[in-house]
Amino acid sequence: GAVVSQHPSRVICKSGTSVKIECRSLDFQATTMFWYRQFPKKSLMLMATSNEGSKATYEQGVEKDKFLINHASLTLSTLTVTSAHPEDSSFYICSATRGLYGYTFGSGTRLTVV
Amino acid sequence: QKEVEQNSGPLSVPEGAIASLNCTYSDRGSQSFFWYRQYSGKSPELIMSIYSNGDKEDGRFTAQLNKASQYVSLLIRDSQPSDSATYLCAVNIEYNDMRFGAGTRLTVKP
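If you read the protein sequences in the order shown, they are chains A and B. Numbered by my numbering, the letters in the first sequence go through residues -16 to 97 in order. Numbered by my numbering, the letters in the second sequence go through residues 679 to 788 in order.
To be clear, the hints were calculated from the coordinates, so they are not data collected in a lab. Please note: incorrect hints may appear among the correct ones.
Straight-line alpha carbon distances no greater than 25 Å define the calculated DSS-like cross-link-like pairs of lysine-lysine that follow [as the list claims (entries may be wrong)]:
(1) Lys734/B - Lys24/A
(2) Lys25/A - Lys49/A
(3) Lys24/A - Lys38/A
(4) Lys745/B - Lys734/B
(5) Lys745/B - Lys25/A
(6) Lys47/A - Lys25/A
(7) Lys38/A - Lys(-3)/A
(8) Lys49/A - Lys3/A
(9) Lys787/B - Lys720/B
(10) Lys720/B - Lys24/A
(11) Lys720/B - Lys(-3)/A
(12) Lys720/B - Lys25/A
(13) Lys720/B - Lys3/A
From just these sequences and the hints, can you work out the full model?
Take a look at the structure:
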């Protein structure tokens, strides 16, 4: 149980375009989800906390207008990278919380902007 | 002081040895503690959770928790090359708020 599905696993897009990444909790309801990015050989960096039915909370330094988060249902959160640039190329990972039972991570999305 | 601290490593052990990974945390009210394993290019996967003082064993893995010392560790017995990964310590500081350490990179040499 406690599966989080993330899609797509890989995406290549042209500079200036937008990319949407989906994160779904398959067998539990997730009122709170989290979005991370990770550069090669670096630690996870929390970008934002996504709350169902309300605005996301962004970490300092993360542009909310560039990284749009929508959490419209208890099982789905989306991250849209708008006007992507090569420096946005990274590994994006979502997770959903199960309270005291910890987080379950999606499989990640490798974004390459060319 | 960081909320969750780990030795970044790299930690290198020979195959068959015991790998010992350590983590300290700052919030005395923390209730839940976790170890995640992350292979290169993959997302983290939960391998152990521990909620009370003492040891918890699962196969070759043993998690140890000492709340008085604010210390949690992970022992991997009979280490295998397939255990080579980054291990993340995570602590729930509140119900839906978990903080991660920076991770310890483990290499098991054949």
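Compare the distance between the alpha carbons of lysine 734/B and lysine 24/A with 25 Å, and conclude whether the hinted pair is satisfied.
-> The given pair, whose Cα atoms are some 30 Å apart, is violated under the 25 Å limit.
Hey, lysine 25/A versus lysine 49/A, does the alpha-carbon distance stay inside 25 Å?
-> It holds: about 22 Å lies between the C-alpha atoms, which stays within 25 Å.
Does the alpha-carbon distance linking lysine 47/A and lysine 25/A stay inside the 25 Å limit?
-> holds (22 Å)
Holds or violated: lysine 787/B with lysine 720/B, Cα cutoff 25 Å?
-> Satisfied, since the Cα-Cα distance of roughly 21 Å is no more than 25 Å.
Straight-line Cα separation of lysine 720/B and lysine 24/A no greater than 25 Å?
-> Given pair lysine 720/B, lysine 24/A holds - Cα atoms ~11 Å apart, limit 25 Å.
Below or equal to 25 Å on CA atoms is what counts here, so check lysine 745/B against lysine 25/A.
-> Roughly 28 Å between the alpha carbons, so the hint for lysine 745/B and lysine 25/A is violated.
Straight-line Cα separation of lysine 745/B and lysine 734/B no greater than 25 Å?
-> holds (14 Å)
Between lysine 720/B and lysine -3/A, is the straight-line Cα distance small enough, at 25 Å or below?
-> holds (24 Å)
Can the restraint linking lysine 720/B and lysine 3/A be considered satisfied, given a maximum Cα separation of 25 Å?
-> holds (19 Å)
Between lysine 49/A and lysine 3/A, does the CA-CA distance stay at or below 25 Å?
-> Holds - the C-alpha atoms of lysine 3/A and lysine 49/A are around 12 Å apart, at most 25 Å.
Proposed proximity, lysine 38/A with lysine 24/A (alpha carbon, max 25 Å) | violated (31 Å)
Are the Cα atoms of lysine 720/B and lysine 25/A separated by 25 Å or less?
-> holds (13 Å)
Hint check: violations occur at hints 1, 3, 5, 7; the rest are consistent with the structure.
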